[in-house]
Structures are given as C-alpha cells and as structure tokens.
Amino acid sequence: EAQVTQNPRYLITVTGKKLTVTCSQNMNHEYMSWYRQDPGLGLRQIYYSMNVEVTDKGDVPEGYKVSRKEKRNFPLILESPSPNQTSLYFCASGTSPDEQFFGPGTRLTVL
Amino acid sequence: AQSVTQPDIHITVSEGASLELRCNYSYGATPYLFWYVQSPGQGLQLLLKYFSGDTLVQGIKGFEAEFKRSQSSFNLRKPSVHWSDAAEYFCAVGAPNFGNEKLTFGTGTRLTIIP
Numbered sequence: 002e003a004q005v006t007q008n009p010r011y012l013i014t015v016t017g018k019k020l021t022v023t024c025s026q027n028m029n030h031e032y033m034s035w036y037r038q039d040p041g042l043g044l045r046q047i048y049y050s051m052n053v054e055v056t057d058k059g060d061v062p063e064g065y066k067v068s069r070k071e072k073r074n075f076p077l078i079l080e081s082p083s084p085n086q087t088s089l090y091f092c093a094s095g096t097s098p099d100e101q102f103f104g105p106g107t108r109l110t111v112l
Numbered sequence: 005a006q007s008v009t010q011p012d013i014h015i016t017v018s019e020g021a022s023l024e025l026r027c028n029y030s031y032g033a034t035p036y037l038f039w040y041v042q043s044p045g046q047g048l049q050l051l052l053k054y055f056s057g058d059t060l061v062q063g064i065k066g067f068e069a070e071f072k073r074s075q076s077s078f079n080l081r082k083p084s085v086h087w088s089d090a091a092e093y094f095c096a097v098g099a100p101n102f103g104n105e106k107l108t109f110g111t112g113t114r115l116t117i118i119p
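These protein sequence lines are chains D and H, in that order.
With the numbering used here, the residue at position 56 of the first sequence is 57, and numbering never jumps.
With the numbering used here, the residue at position 11 of the second sequence is 15, and numbering never jumps.
Everything labelled a hint here was simulated from the structure, so no lab data went into it.
Predicted model, so just to flag it, every value in this text is computed and none were measured.
Accuracy of the hints is not assured; some may be wrong.
[Unchecked claim] Label-pair ranges, simulated between beta-carbon atoms:
no.: 1; chain 1: D; residue 1: P62; chain 2: H; residue 2: E24; range: 30 to 40 Å
no.: 2; chain 1: H; residue 1: G20; chain 2: D; residue 2: E80; range: 45 to 55 Å
no.: 3; chain 1: H; residue 1: S74; chain 2: D; residue 2: L112; range: 27 to 37 Å
no.: 4; chain 1: D; residue 1: I13; chain 2: H; residue 2: G20; range: 21 to 31 Å
[To be verified] Listed next, the in silico SDA-like pairs over lysine to any residue satisfying Cα-Cα at most 20 Å (straight line):
no.: 5; chain 1: D; residue 1: K58; chain 2: H; residue 2: A5
no.: 6; chain 1: H; residue 1: K53; chain 2: D; residue 2: K58
no.: 7; chain 1: H; residue 1: K65; chain 2: D; residue 2: F102
no.: 8; chain 1: H; residue 1: K53; chain 2: H; residue 2: A21
[As the list claims (entries may be wrong)] Sample of chain D residues facing chain H (criterion: CB under 7 Å; computed from the structure):
no.: 9; residue: P40
no.: 10; residue: G43
no.: 11; residue: L44
no.: 12; residue: Q46
no.: 13; residue: F91
no.: 14; residue: G95
no.: 15; residue: F103
Just so you know, even glycine gets a beta-carbon here, dropped at the ideal spot from N, CA and C.
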C-alpha cells in the first residue's frame, strides 16, 4: 500500500531533550516536506527536500533540522525542544510539490 | 511571496444543502491552486487542483472549484453535502514562477454538518 508513515504518532517530552520524528514513504517520491499545524495558523512549512541531499528551509525552520540521506526517509530533528514547538506535525511526499501525500501526523507535546 | 486567505473559520450546513467555501489568494501571476481536506484525526487529502486551462475543476467526492482571476478567488463548492463531508478544508497556493517548491496553506475552514 502506497503510504507515508510517521513515528511516533504521539510524543510527550521535556524541554531540551533531543528527539527525532521519522518519516518514510514507499512511493519513490523525490519531494518531501515537513509541516506543523497549529490552531488558527493552518499548516506552515518547516523544511522541504527536492531530492536526496537537497534540503531547504520553509517558513518556520528555526529550532528544527532535517536530513535526506536516502530517498524514502526524511527525519525531523529537534535538538533542544521548547514548549513553543508543541504542535501537530505532518510529513508529506510527492513526485513534485504539486500533489503531496500526507502522513497521519505526529502530535508532539513539549513540557 | 504568495499568500492565501480563507475568510470563514467555521461553517455549518444542513445535510443535503449546497456548500461554498471561500478562498482568496495573492500572487503576481497565475498561481497553482489546491484544496485539501482533513478528516478528524487524519492527514490531508488532495481534493482538486488548478494549474491552467478550464477554470472550473472537478475533484474527488463530488467537489468542484472555480478559479476567478478577476476576484483572485478559488472557491470550493458541492451541490449537496453528506455527513461524511464534515472535516477541515484547506486552500493552498503554489508559485509556478519560482519552481513551485513550496505550498502556502490557508488557515482552514471547519465544516460542520447538521442532520
């Protein structure tokens, strides 16, 4: 089944404790992206990747890192999480940005 | 830079009634336009998209949208809603003149269906 998977789906952590949210797609898509969704703000793009080893900042990249070492995976890294990073995170992939398939989301709470 | 506005935060309609969700965009040329739907607890699913050509586009689940350049709008419509249409709807705009490497999403419209 074609899909974008994210792990974990739910995470509660504490300020400053490094964490990684994994994203994997099995559709051989070149384009991958991370978004955060906050009430009243819609989806805002954090980082995106046009292909392996090619990543670029979105609208809200501060406090996040990404890597794209292989086509199928695009992990999101929070080196030192803070409470303002409490959010719902979505990974998406596509052959291009024009039609993105979204993962189920990861709900992160930073205490 | 492109931007998109969804003026309605929350809309309530009766089952079987018609629906129109508003979307206005800002971009210096003809943008790429999208509507996504997010059912409760789910990720986003693409409903339809407009790149060029016929300004009335058909999507999945019986939805359609019309691109109106003069009004900078891309409103989503459905002639008769079903209870399963209750969800949050997001309009998004892409920027083809800049390689369309990113989509900018609106803040969403939450749709409630009453029996």
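Now for the hints, and whether the structure bears them out:
1. For the pair P62(D) and E24(H), the supplied restraint of 30 to 40 Å holds, since their beta-carbon distance comes to about 35 Å.
2. Distance hint check: the CB atoms of G20(H) and E80(D) are about 51 Å apart, consistent with the given range 45 to 55 Å.
3. Here the CB-CB span from S74(H) to L112(D) is close to 50 Å, at odds with the stated 27 to 37 Å.
4. A beta carbon spacing of about 42 Å between I13(D) and G20(H) contradicts the range 21 to 31 Å that was offered as a hint.
5. Taking the CA atoms of K58(D) and A5(H), the gap is near 15 Å; set against the 20 Å cutoff, the hint holds.
6. For the proposed pair K53(H) and K58(D), the alpha carbon gap of about 24 Å is over 20 Å, so the pair is violated.
7. A hinted pair counts as satisfied when its Cα atoms are at most 20 Å apart, and K65(H) with F102(D) qualifies at roughly 17 Å.
8. Between K53(H) and A21(H) the CA atoms are separated by roughly 24 Å; this puts the pair beyond 20 Å, and the hint is violated.
9. Checking P40(D) against chain H by beta carbon gives a least distance of about 9 Å; that is not within 7 Å, so the hint is violated.
10. The criterion of a C-beta within 7 Å of any C-beta in chain H is met by G43(D), whose closest approach is roughly 4 Å, and the hint holds.
11. Taken as an interface hint, L44(D) checks out: its beta carbon lies about 4 Å from the nearest beta carbon of chain H, inside 7 Å.
12. Interface hint status for Q46(D): upheld, as the beta-carbon distance to the closest one in chain H is roughly 6 Å, under 7 Å.
13. Checking F91(D) against chain H: minimum C-beta separation of about 6 Å stays under 7 Å; hint holds.
14. Taking 7 Å as the C-beta cut-off, the interface hint given for G95(D) is violated, the closest approach to chain H being about 9 Å.
15. Hint on F103(D) holds. Least Cβ distance to chain H is approximately 4 Å, under the 7 Å limit.
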